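So the protein sequences, as listed, match chains A and B.
If you read the first sequence in numbering that gives the first Met the number 0, its first letter stands for residue 0, the second for the next number, and so on.
If you read the second sequence in numbering that gives the first Met the number 0, its first letter stands for residue 0, the second for the next number, and so on.
Careful: at least some of the hints might be erroneous.
[As the list claims (entries may be wrong)] Cross-link-like lysine-lysine pairs, in silico, BS3-like; alpha carbons within 30 Å at most:
no., chain 1, residue 1, chain 2, residue 2
1, A, Lys87, B, Lys375
2, A, Lys65, B, Lys249
3, B, Lys249, A, Lys87
4, B, Lys249, A, Lys66
5, A, Lys70, B, Lys375
6, A, Lys87, A, Lys65
7, B, Lys269, A, Lys93
Read the hints as simulated data drawn from the structure, not as lab findings.
This structure is a prediction, so every number in the text was calculated from the model and none was measured.
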Amino acid sequence: MFEHEKVSGLDIIRVNGNRMDASNSPEFLAQVDQLTSSGVSQLVVDFSGVSFMDSSALGATVSALKKIGSKGTLTLVGVSGLVDDLFKLTRMDKVFHMVPTLEDAGLARTA
Amino acid sequence: MKLLIVDDAPDVRLILSHWAKKKGYEYRVAKDGEEAWAMLMEEDFHIVISDWLMPKLSGPELCERIRKHEFSHYVYIVLLTGMSDTKDMITGLNSGADDYCNKPLNFEELDVRMGTAHRVVELETTLENKNEDLQQAYDALDHMHQGLGRDLENAALLQRALLPEGEKVSQIDYAWYYRPAIQVGGDTLQTAFLRDNLAVFYLVDVSGHGVSAAMMSISLHTLIDSVEQELVQLSAEEIPQRVVTTINQKIVELELNHYCTMIYGAIDLKNHRIYYIQAGHPNPVLMRAGNAEATELEGTGFPVGLIEDAAFETRSVDYKTGDSLLIYSDGFSDLMTDEFPDQNLAQVCTPCFGANAAEAISEFENTLLIDGVMAKQEDDVSMMVLNL
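From just these sequences and the hints, can you work out the full model?
Okay, here's the thing in structure tokens:
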């Protein structure tokens, strides 16, 4: 469900599938945990294709942010539709660094 | 493994008896089918070696009887036959015999037949033991499941007991609808009179649903009520900020796996003004008396318990007597979005508002939250109407 790859030095977790909810959120957090404990501090999560997110998934995304901590960065890519609505309603768009595409994420990192 | 030997010829009975004794079997001997049947009724036999042609009851007839009867274990039957005709053989086997052995008796053949008999009988015993174990495990599980079911039902009663009982607070009448996804849920709500000219209300939705969300929502309910009691000096305007900030701090400190969204409001009953905080929660719907359509009180806000120093914004809205306020959890709005994709929520809700809150909730129940819609419920659904 969550695929990790490194693209031009950037660690990316891709969310495969269109639903992120209580059933797969723990898996997401486990992945993030694995990466942060192996030293990753710049992380990108690709949400393009995710059309639904529930409260557990939102909580997991915030937990991921906390795991990365103040020394690292977490960038969310491709948040749209109902997921974007949820982020706006809960003001998470003010909390997360969100960009439309992976290219933007790459550029943001080298800047 | 007790053996029953059945043959009308005395010499065959003798030969088989000697053989059985030599093999170390516990055995009995019958001289015809009827006597064999009588013995089967009295004692436990696992293997029957029987002749085919016998007076009173033939081998195949004995087989049929044995198969029709429900013994407590499998009875393995070998028919002794002088017949070489396959057709007769098939008839015999169809009567329920497991195997046959040719006459004149060949003891090597008999041994082979007994080998199979032993395997089958042992297999059957193993199966029976396993079945017994399974049945015991199942009974234990079923017992526990019923116990849990009762526990959940009691927990549900407890949770509902926290919800407000009355119908009126000062001149405001209110009513609510509460349907968790399972017996207990992560939603909770309240409308209460705090002190002179001050009322408070809230609807909280703890993230997720199920037992742990329910436990958190119950503890939040009591926490909020206790925080309110301490705020004697504060005005309606100051209360929401203090309550929500305190709750936020507590949840973050406890590092629980759940956060919540909520609408928390304080009503200045004298000046007809509501001060409220929208904490990451779906927007309240306001139906002003005399208006054709309801409107959403739009806004955004941080959820509670998710971010440590979250800043919560207090909003206000003035009301007139006869206005109605609807607050709800996203379980409700999600269902409505699915049912009415082309309408916004305020439009969908408008027809339900009526003379009083109880009527409005009835309308919601009877026209929108019908069985067909509720069958699709995935999240806790709760809502409250305040008729101001």
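Okay, the hints, checked on the actual structure:
Among the hinted pairs, Lys87(A) with Lys375(B) is consistent with the structure: their alpha-carbon atoms are about 26 Å apart, no more than 30 Å. Under the criterion of a C-alpha separation no larger than 30 Å, the hint pairing Lys65(A) with Lys249(B) is consistent with the structure, at around 17 Å. Distance check on the hinted pair: Lys249(B) and Lys87(A) sit about 24 Å apart at the alpha-carbon level, within 30 Å; holds. The hinted pair formed by Lys249(B) and Lys66(A) meets the criterion: a straight-line CA distance of about 20 Å does not exceed 30 Å.
Simply put, Lys70(A) and Lys375(B) have alpha-carbon atoms about 44 Å apart, too far for the 30 Å limit, and the pair is violated. Between Lys87(A) and Lys65(A) the alpha-carbon distance is near 19 Å, which keeps this suggested pair within the 30 Å criterion. For the hint linking Lys269(B) to Lys93(A), the alpha-carbon distance of about 37 Å lies beyond 30 Å, and the restraint is violated.
In this structure, the hints that do not hold are numbers 5, 7, in rising order.
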